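Participant: First to last, the sequence lines map onto chains A and B.
Counting along the first sequence from 1, when you hit position 77 you're at 77 in my numbering, and nothing is skipped either side.
Offset between the second sequence (1-based) and my numbering: plus 112.
Note that these hints are calculated values from the structure, not bench results.
Keep in mind it's a predicted model, so treat the numbers as computed, not measured.
C-beta atoms are modelled at their ideal positions from N, C-alpha and C, and glycine is treated no differently.
One or more hints might be untrue.
[Stated by the list, open to error] For each label pair, taking beta carbons as the anchor points, the in silico distance ranges come out as: (1) A:Ser84 x B:Asn139: 23 to 31 Å; (2) B:Arg113 x A:Gln22: 13 to 21 Å; (3) A:Gln22 x B:Arg171: 34 to 42 Å; (4) B:Thr130 x A:Thr54: 38 to 46 Å; (5) A:Glu79 x B:Gln143: 28 to 36 Å; (6) A:Asp56 x B:Pro220: 43 to 51 Å; (7) A:Gly95 x B:Arg178: 42 to 50 Å.
[What the hints assert, rightly or not] Derived lysine to aspartate or glutamate pairs resembling EDC-like cross-links, with alpha carbons at most 20 Å apart: (8) B:Lys114 x B:Glu168; (9) B:Lys154 x B:Glu115; (10) B:Lys219 x B:Asp151; (11) B:Lys154 x B:Asp189; (12) A:Lys9 x B:Asp151; (13) B:Lys157 x A:Glu79; (14) B:Lys154 x A:Glu52; (15) A:Lys71 x A:Asp56; (16) B:Lys114 x A:Glu52; (17) A:Lys71 x A:Asp38; (18) B:Lys191 x B:Glu115; (19) B:Lys191 x B:Glu127; (20) B:Lys157 x B:Glu168; (21) A:Lys9 x A:Asp26; (22) A:Lys9 x A:Glu79; (23) A:Lys71 x A:Glu52; (24) B:Lys157 x B:Asp169; (25) B:Lys114 x B:Asp194; (26) A:Lys57 x B:Glu115; (27) B:Lys114 x A:Glu59; (28) B:Lys157 x A:Asp26; (29) A:Lys57 x B:Asp194; (30) A:Lys71 x B:Asp207; (31) A:Lys9 x A:Asp56; (32) A:Lys9 x A:Glu52.
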Amino acid sequence: NAGVTQTPKFQVLKTGQSMTLQCAQDMNHNSMYWYRQDPGMGLRLIYYSASEGTTDKGEVPNGYNVSRLNKREFSLRLESAAPSQTSVYFCASNGQGISPLHFGNGTRLTVT
Amino acid sequence: RKEVEQDPGPFNVPEGATVAFNCTYSNSASQSFFWYRQDCRKEPKLLMSVYSSGNEDGRFTAQLNRASQYISLLIRDSKLSDSATYLCAVNRGNDMRFGAGTRLTVKP
Numbered sequence: 001n002a003g004v005t006q007t008p009k010f011q012v013l014k015t016g017q018s019m020t021l022q023c024a025q026d027m028n029h030n031s032m033y034w035y036r037q038d039p040g041m042g043l044r045l046i047y048y049s050a051s052e053g054t055t056d057k058g059e060v061p062n063g064y065n066v067s068r069l070n071k072r073e074f075s076l077r078l079e080s081a082a083p084s085q086t087s088v089y090f091c092a093s094n095g096q097g098i099s100p101l102h103f104g105n106g107t108r109l110t111v112t
Numbered sequence: 113r114k115e116v117e118q119d120p121g122p123f124n125v126p127e128g129a130t131v132a133f134n135c136t137y138s139n140s141a142s143q144s145f146f147w148y149r150q151d152c153r154k155e156p157k158l159l160m161s162v163y164s165s166g167n168e169d170g171r172f173t174a175q176l177n178r179a180s181q182y183i184s185l186l187i188r189d190s191k192l193s194d195s196a197t198y199l200c201a202v203n204r205g206n207d208m209r210f211g212a213g214t215r216l217t218v219k220p
């Protein structure tokens, strides 16, 4: 059972470069989420998508864009990476808003 | 002030001890509550949901106090394998917020 799959697992970017983090789930979940996790800050919600075709900002959306490509896929784009975006990024999904989340393995991003 | 707050610890306890974590939340409209476990450099994994009447899963007991807006997790008879970071999560609709986590180390 694949669950939630994120790619890449690791990435190093230079300041100003762009990249897209990919996330796919095979559980037929309606809602998908992107979080970042920094030491001492816990998980902070960047964006979420309650259903195909909708996206909403979370706590820390600045510097990011998202696309809900279809029900399975939800991508996160950094248009111009900054060192402050060095973090571990987790994608998650659930069947409906109040259900528990299932997480992907994470992407460790370093911006130099 | 963060919407969900936890004591970061660390909690260092001997095997067999009972340990309790608390988590407070500020949004009274919160609808669902969870405890997650996160091992070092891994993704969070659901430990248990928290129900209004309180619930138990083996050595783990979770409680919710809506009036005071906190949830708790009790671990009895701690095992070495319980060493991890425990995250509380609070959901209001499609917006799940997490505490920063409480680190637990169980020592022989």
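Participant: Go through the numbered hints given earlier and state which of them the structure violates, listing their numbers in rising order.
Facilitator: Going through the list in order, the structure violates hints 2, 7, 8, 9, 11, 13, 14, 16, 17, 18, 25, 29, 31 and 32 and respects the others.
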